[in-house]
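Chemist: Residue numbers (this note's numbering), protein chains in the order written: chain P, 1 to 137; chain B, 1 to 114.
Honestly, the hints are just simulated from the structure, not real lab data. For every residue, glycine included, the Cβ atom is placed at its ideal position computed from N, Cα and C. Any given hint might turn out to be false.
Here are some, though not all, of the chain B residues that point toward chain P, as calculated from beta-carbon distances under 10 Å [what the hints assert, rightly or not]:
#1 Asp32
#2 Asp36
#3 Val37
#4 Arg39
#5 Ser41
#6 Thr49
#7 Asn53
#8 Gln55
#9 Thr56
#10 Arg58
#11 Thr59
#12 Glu61
#13 Ile110
#14 Leu113
Coverage of chain P stretches by chain B, computed from C-beta distances (three or more under 8 Å per stretch; other residues unrestricted) [to be verified]:
#15 35-42
#16 55-62
#17 93-102
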Amino acid sequence: MHYTFDIERGNFADAGQASSSVKRALKHLGVDPVSIKRTVVALFEAEINAIAHAYGGRIDVDIDDGKIVMVVADQGPGIPNIDLAMQEGWSTASPQVREMGYGAGMGLPNIKKNTDELKIETEVGVGTTVTMTVYLA
Amino acid sequence: MKISEIAKLIDGELVGAPADDTYEVRKAFASDLMSDVLRFSMEETVLITGLCNNQTMRTSEMSDLRVVVIGRDKQPDEEMLELAEELDITLIKSRYSIFKISGILYGAGIEPLY
Ligand SMILES: Nc1ncnc2c1ncn2[C@@H]1O[C@H](COP(=O)(O)OP(=O)(O)OP(=O)(O)O)[C@@H](O)[C@H]1O
Ligand SMILES: [Mg+2]
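For reference, chain P alone in the conformation it holds in the complex (with noise of 0.2 Å):
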């Protein structure tokens, strides 16, 4: 199964929609509810973070009988530092950001922690991919 999804720059009124779309297919399919909060909360936090810190991108998101892969790729200004980006606490979050509910320096964290494969590939000026996976049991 597969879907796709629209992220558009700073549209914090609709930020979430993807992440929840996954939710609803997942709960369709039957899939385990640990599997689906995993899922969804690293999606959601990968989904907030192409609105909160670039310019909007894509969702792809793969679901097969083994595993959930997901692809979040976004036209931004790209992480300098991923080694301090991954970091709990560090957050360049703007104010507007704040106010919206974000900019703990969580979010990094939690797809990891929420992940069984993260990959980040990063370029300073053109954009940020992340991908990733979730095994089913």
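On the provided structure of chain P, position chain B with the ligands as indicated by the hints.
Modeler: Below, chain B with the ligands alone, put in the same frame as chain P:
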């Protein structure tokens, strides 16, 4: 504790999805930062927050929260209320500060998430 009992203790008003009175709340977590909420398992837990927007609802959806207390007299707009209903999340609106709400619920036996 029942959702309706929580509402009564904090002089709250129930909005959003109708309260499920079979739902038992045992724990609470207070935060305005959504990624902090997303770190934890929210089973049998009420979220207490002053963040009152669509993101509160989306985060609650991803966290499987069924009930959220909106403190500091924040007023959810129509869109947020619709989202709450759609996602089957009951909101309790309260004039009290987050500190006061937390104190009252703690005193009444609701446990901290950690
Ligand atoms: N897609 C992205 N493009 C550019 N920078 C990013 C992207 N994702 C993360 N970052 C950078 O990494 C930092 C840490 O991201 P992380 O998701 O952990 O925290 P946050 O988004 O700042 O806050 P939180 O996720 O807790 O609300 C961000 O503040 C930002 O500087
Ligand atoms: Mg983030």
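Chemist: Against each hint, give a clear statement of whether it holds in the structure.
Modeler: Hints versus structure:
no., hint, result
1, Asp32, "holds, 6 Å"
2, Asp36, "holds, 5 Å"
3, Val37, "holds, 9 Å"
4, Arg39, "holds, 6 Å"
5, Ser41, "holds, 8 Å"
6, Thr49, "holds, 8 Å"
7, Asn53, "holds, 7 Å"
8, Gln55, "holds, 5 Å"
9, Thr56, "holds, 7 Å"
10, Arg58, "holds, 3 Å"
11, Thr59, "holds, 7 Å"
12, Glu61, "holds, 6 Å"
13, Ile110, "violated, 22 Å"
14, Leu113, "violated, 15 Å"
15, 35-42, "holds (count 3)"
16, 55-62, "violated (count 0)"
17, 93-102, "holds (count 3)"
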